[in-house]
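A.B. asks: Sequence:
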Amino acid sequence: MKRILLFLVFSLCLPQILVAETIEFDEEELARESVLPVFDNPAIVRSRLVETKGRVEFVLNAGLSLNEAFYNTLNYGGVIGYHIDETNGVELLFNSMAGGLSTYGEQLKRGEGLEAPNTFDASLAPSPKSMFSLNYHYTAYYGKISLSKQTIMNLSLYFGGGAGMITIGEKQNPVVTLTMGQRLYYSSNVALRIDLSVFTYQGPDPTSISLATGSSPQPYSAFSEKLYINPSFNIGLVLLL
97 MKRILLFLVF SLCLPQILVA ETIEFDEEEL ARESVLPVFD NPAIVRSRLV ETKGRVEFVL
157 NAGLSLNEAF YNTLNYGGVI GYHIDETNGV ELLFNSMAGG LSTYGEQLKR GEGLEAPNTF
217 DASLAPSPKS MFSLNYHYTA YYGKISLSKQ TIMNLSLYFG GGAGMITIGE KQNPVVTLTM
277 GQRLYYSSNV ALRIDLSVFT YQGPDPTSIS LATGSSPQPY SAFSEKLYIN PSFNIGLVLL
337 L
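For the sequence shown, the numbering used here begins at 97 and goes up steadily by one.
Among the hints, erroneous ones may be present.
[Unchecked claim] No farther apart than 25 Å at their CA atoms in a straight line, the calculated lysine-lysine pairs in the BS3-like style are these:
1) Lys149 - Lys240
2) Lys225 - Lys205
3) Lys149 - Lys205
4) Lys322 - Lys205
5) Lys225 - Lys322
6) Lys322 - Lys267
By construction, these hints were calculated from the structure, which means they are not laboratory data.
Sequences are here, hints too, so could you generate the full structure?
C.D. replies: Below is the structure:
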């Protein structure tokens, strides 16, 4: 008897279980356009706006050294480059260091953080003044990004490397340069250049001798040398001719 009752109850409930529930949404809650923008002129998206083959590039830039402890981290300079084709190019880089001590360097000069009466004045040691480097330039990627349905921005990613000379005090030492970055083109002639460069060179170690505040500046030969690997973050304005 119990089995018959269970069978009847199951038979009555089964149709209600199998009926799918219909869910309705208000029309204003539904998406009205694709997530991917539909461009008004697809030919513009496919075409290459910025052609660099055979063109000369001028750059004015400023940068910050990312691991300089004692000296001012600001540097500024320029680049003159020539694009052999759309992928390969050469460029001459010139940088000048702002000079002076960093905030930490000024604190050490006053003896802050040191046991009294010790002081440390890094400005008494030779420091980098300027550098130049001849680099090979490789454009690894050219593409476009969509800012809106009406706005397309062209960009390129590049790598580079080369060698040159760096002036430290009155002496010049070899320097090796490695660079990676990108250009964001506002037009076929103007762009914003953002890159990370690494400069590797031998230079004097200011901590290798005593440099008490008020003492005399010391020549390059008074210090032991060390290997410097200095990364620099740079932003520049590009003009293509």
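A.B. asks: Confirm or reject each hint.
C.D. replies: To see whether the hints hold, each was checked on the structure:
no.	hint	verdict
1	Lys149 - Lys240	18 Å, holds
2	Lys225 - Lys205	20 Å, holds
3	Lys149 - Lys205	51 Å, violated
4	Lys322 - Lys205	22 Å, holds
5	Lys225 - Lys322	17 Å, holds
6	Lys322 - Lys267	15 Å, holds
Going through the hint list in order, the structure does not satisfy hint 3, though it satisfies all others.
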